[in-house]
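J.: Single-letter residue listing:
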Amino acid sequence: MLTALVFAPTAVAVLLFALPRRTSPTVFRVVWVVMSAVELALVIGLWAGYDSAGGMQYEERARWIPSAGVGYHVGVDGLSLPLLALTGLLFLACAVYSLRENRRIREFAALFLFLETTCLGLFAALDLILFFVFFDLSIVAMYFVIAGWGHRQAARAALKFFLYTFIGSLALLLGFIGLYLAAEPHTFDMVELTEQNPLAGRSVYGALVLLAVVVGLAVKTPTVPFHTWLPPAHVEAPAAGSAILAGVLLKMGTYGFVRIAMPMLPEVWRRYALVLVVIGVVSVLHGALVALAQTDFKRMVAYTSVNHMGYIVLAVGAAAATADGSEQARSLAVTGAVTQMVSHGLLTGALFLLAGVLYERGRTYDMGAYSGLATVAPAFAAMTGIAAFASLGLPGFSGFIAEFQIFTGSLGPRPLATSLSVLGILLTAGLFLRALRQVFTGPLRLPDAPGTPRVFPEIRAHESAAVVPLLVLAVVLGVAPRFMLDVIEPASRSVLELLAR
Amino acid sequence: MTEMNENPLYLLPEVLLAASAVLGLLLGSWLPRARQWAVGLLAAVACVAGIVAAAVAAAEPARTAFGDAFTIDPVTSTSRIVVLGGTLLVLGVSFGPLRGDPRESEFYVLVQLAALGALMMAGAQDLLLIAAAYLLASIPAYTLAGFRKDGPGTEAALKFYVVGALLGVLMLTGITVLYAAGRGTAYPMLGEALRDAPEVLIATGAIGLLAGVLFKAGGVPAHFWVPDAVQGSSPPVAALLTTLPKIGALAALFRLGDAVFAGSPLPWPALIAVLAAASMTLGNLGAFFQQDVKRLLAYSTISQVGYLLMPVSVAGRSDLAQQALLYYLAAYTVTNLGAFSVVCALPRAHTLDDYRGLAKERPLLAASLVICLLGLVGTPPTSVFLGKLEAFSAAFDGGYAWLVVLAAVNTVASLFYYLRWIVPAVSRGGSSQPAEGNRAARVVAYAAAVVSLGLGIAGGPVLDVLTAPITR
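Residue numbers (the numbering used here), protein chains in the order written: chain A, 2 to 502; chain B, 18 to 489.
Be aware that a few hints might be false.
Label-pair ranges, simulated between beta-carbon atoms [as the list claims (entries may be wrong)]:
no., chain 1, residue 1, chain 2, residue 2, range
1, B, Val62, A, Ala201, 42 to 48 angstroms
2, B, Asp336, A, Leu417, 36 to 42 angstroms
3, A, Gly55, B, Val62, 56 to 62 angstroms
Okay, the calculated bits of chain A under chain B, using three or more residues with CB under 8 angstroms as the criterion [to be verified]:
no., segment
4, 129-142
5, 151-164
6, 167-178
To be clear, the hints were calculated from the coordinates, so they are not data collected in a lab. A virtual CB, placed ideally from N, CA and C, is assigned to each residue, including glycine.
Start from the sequences, fold in the hints, and give me the full structure.
T.: Structure below.
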């Protein structure tokens with residue numbers, strides 16, 4: 002079941018190439034949307050059959066390369082299930098959004114389907130090498146998306162993205178090899194490694210492995226100081242690519258923290274958690290401050306991603322503090338981190354798709370070139386407003402639930418750091434409000450570079466069909482988050498139990 | 018025991034290849050020019066038969082043949098299969114361009130002799146046999162490098178020959194010194210004798226020996242011939258020069274480290290580790306801004322030798338070393354030959370810019386190129402990834418963590434120049450690719466890409482085979 006879920010999109014992608022070259026583009030679009038919808042339905046099916054108290058479920062194992070300690074092992078638990086669902090939903094949104102995409106639609110659809118396999122596979126993987134394979138392939142696929150369908154400077158941005166994240170992935174590989182060699186018998190299996198806790202009592206070795214793993218994941222997340230690849234990659238990527246990059250690919254880093262680093266390296270994680278707290282706070286503040294200075298809408302959203310990811314890093318760092326015994330508070334932090342991953346995926350995905358709508362009409366992301374759009378495109382203005390307010394953490398939206406949990410959970414163990422990061426909320430509120438005022442209020446003004454259309458059409462049906470479900474879900478999670486928290490909480494408690502060893 | 022094991026059948030793959038080379042030479046003298054392809058076919062049949070024979074021999078327990086001179090163990094068997102398989106691919110890509118060439122049969126014969134030299138190097142367990150194998154692998158290769166008789170080819174052959182002759186003499190000197198130090202040339206005997214031999218003698222001998230073997234492997238510091246020889250010779254020859262001799266040389270180095278120098282006072286592992294580091298780094302630096310695809314690949318092979326030397330350096334210190342080396346060798350051979358096959362398939366494309374628009378003209382060929390190049394980077398799930406994983410693990414296990422970190426950094430750096438080739442190949446527009454091309458080479462490229470992927474995904478059983486112990 003899980004294997005089919007993971008590999009079906011790639012199979013369909015290969016089938017797309019089997020179709021004759023003259024096939025109408027509509028066929029590709031329809032196949033892409035239908036396949037993404039089927040995937041989402043399958044994930045919902047998984048969720049429906051998931052027992053929230055049952056630990057790891059839907060496990061599948063196969064011998065793959067036994068002599069190298071590598072196996073095919075996938076499974077779902079409360080940490081991965083919400084992210085699988087997010088992946089399914091965002092890919093469907095991107096497929097719907099790209100219904101008007103004309104440039105080499107077959108290759109575009111095939112790449113996205115392949116990318117969906119890598120994302121789903123990564124969140125389901127229970128073997129380090131399997132995880133790494135999907136991690137690397139997602140980079141390759143995203144490279145081609147940015148380089149092939151991006152804007153003017155796409156080649157440079159794509160190269161930067163590839164090189165940075167590839168360095169990260171190799172650091173990760175070194176860490177994995179360190180774990181593998183420490184385990185007895187040598188294995189890459191995550192479940193066994195978690196049980197064995199092979200680096201217990203080996204402080205220097207453990208610290209080096211943790212360093213490699215954390216650097217690898219931090220590049221992908223990205224946190225300060227490894228975040229510089231993110232803004233150019235986002236600005237140059239096509240809208241759907243940005244949405245996936247921010248919505249799903251960034252989560253691979255933070256997911257790695259809770260799935261690999263915390264349970265497998267508990268001792269060193271606890272020892273060095275303060276470093277992560279500091280990195281988290283710096284990311285929060287730096288991301289927000291730099292975002293405040295941007296005039297480019299997409300670049301601003303990209304920097305708010307750094308800010309939002311910073312909260313997650315803060316939470317996973319604070320969860321390790323043992324000084325304060327309140328287990329419930331720390332479990333709250335981990336739950337908040339996972340909720341934040343989902344929430345950020347939904348909202349930033351929506352914001353990037355909306356940025357794509359803006360670009361398609363005005364051919365620029367420069368906020369100074371627009372003014373008063375609310376009068377000509379009220380629905381577009383409303384959606385952007387909702388997404389922005391939700392993203393800054395207004396109560397009633399998913400962002401609030403996530404950030405509230407993170408702050409509540411982290412305040413006890415790390416009061417200073419947490420209070421500093423609350424400032425981040427203030428800054429994001431300021432920057433989003435400023436952007437909304439600039440673009441949507443005031444007298445109507447449109448960019449008048451040669452070649453841009455004179456009118457600013459309202460958001461189209463397929464574009465709103467892509468964005469609205471994301472926003473609706475953000476509201477649902479903000480109002481009634483219980484159904485998701487019920488899934489996450491047992492898993493985050495077990496992460497903490499593992500961490501306390 | 019010496020009388021017992023002088024059975025030529027133990028060397029069946031080598032015998033088959035030698036016989037087919039001699040027979041091919043005779044056949045070539047009598048066949049009309051239009052039918053010289055039969056010699057190539059004969060060579061291919063000999064390779065296939067050799068692979069079968071090697072596979073059968075691999076199933077039996079390890080043994081030595083002709084005294085202690087030659088050994089048949091997993092290292093030999095794997096090298097045999099990889100060398101012969103690689104020879105098949107080289108024959109495949111040379112079939113088209115050589116069709117009707119006045120010296121067609123000579124080419125096939127030379128290819129077989131070069132492959133035979135590599136086979137002998139891989140199995141040799143005696144310094145004198147190594148010296149003979151060195152000459153057997155080198156002399157046909159010199160001829161092949163200048164086979165086209167044009168300016169660049171002549172330069173390539175001359176440079177190749179001069180460097181080879183110099184390092185060959187050094188190697189013979191080294192062997193002489195080691196003979197003096199160990200009072201023997203067979204590895205088991207040497208391994209014992211070198212434990213308490215004077216260190217200066219061992220060091221001098223080992224360095225001389227290394228010079229020759231590294232020349233065949235194309236590793237730093239004996240790498241100077243590689244870029245010029247590869248760029249100057251025709252693409253099929255370039256493919257051969259950068260793969261087949263390496264396999265024999267690296268297998269020989271592994272054996273030397275495991276059986277001869279393991280107990281000696283010489284810091285052999287550290288020496289190889291430093292050479293590995295230098296090779297991967299200098300190869301990468303050289304490749305960075307190359308415009309000519311063959312030259313780029315030439316530098317890339319130098320850096321690959323660096324990664325291949327990682328498991329060699331920990332021979333005998335890590336259980337993973339042997340399987341890592343053998344698996345990486347197989348993966349490297351097929352992937353590198355795949356990349357060269359793409360070059361062979363497009364004889365008019367010399368620079369990176371000539372590949373612009375390849376994805377539109379020949380999508381499958383472009384896909385093969387992307388798979389092979391990303392494979393050489395070490396992107397999963399291609400086979401080189403698994404090879405690198407094994408090699409990294411082995412080096413880590415053997416205590417060379419710094420080398421692993423350096424290799425990881427180099428891998429990232431290598432991504433840069435491979436991307437410089439991938440980007441034009443998959444981007445739009447550009448020049449109109451010449452529609453004509455080498456069809457056989459295209460098929461070889463597809464096959465190599467598929468095998469490279471398949472070997473990576475289904476690497477489990479292969480690795481299992483490679484773990485059996487070697488003879489000492």
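J.: Each hint should be assessed against the structure and marked as holding or not.
T.: Okay, the hints, checked on the actual structure:
no. : hint                                     : verdict
1   : B/Val62 to A/Ala201: 42 to 48 angstroms  : violated, 59 angstroms
2   : B/Asp336 to A/Leu417: 36 to 42 angstroms : violated, 49 angstroms
3   : A/Gly55 to B/Val62: 56 to 62 angstroms   : holds, 60 angstroms
4   : 129-142                                  : holds (count 6)
5   : 151-164                                  : holds (count 4)
6   : 167-178                                  : holds (count 7)
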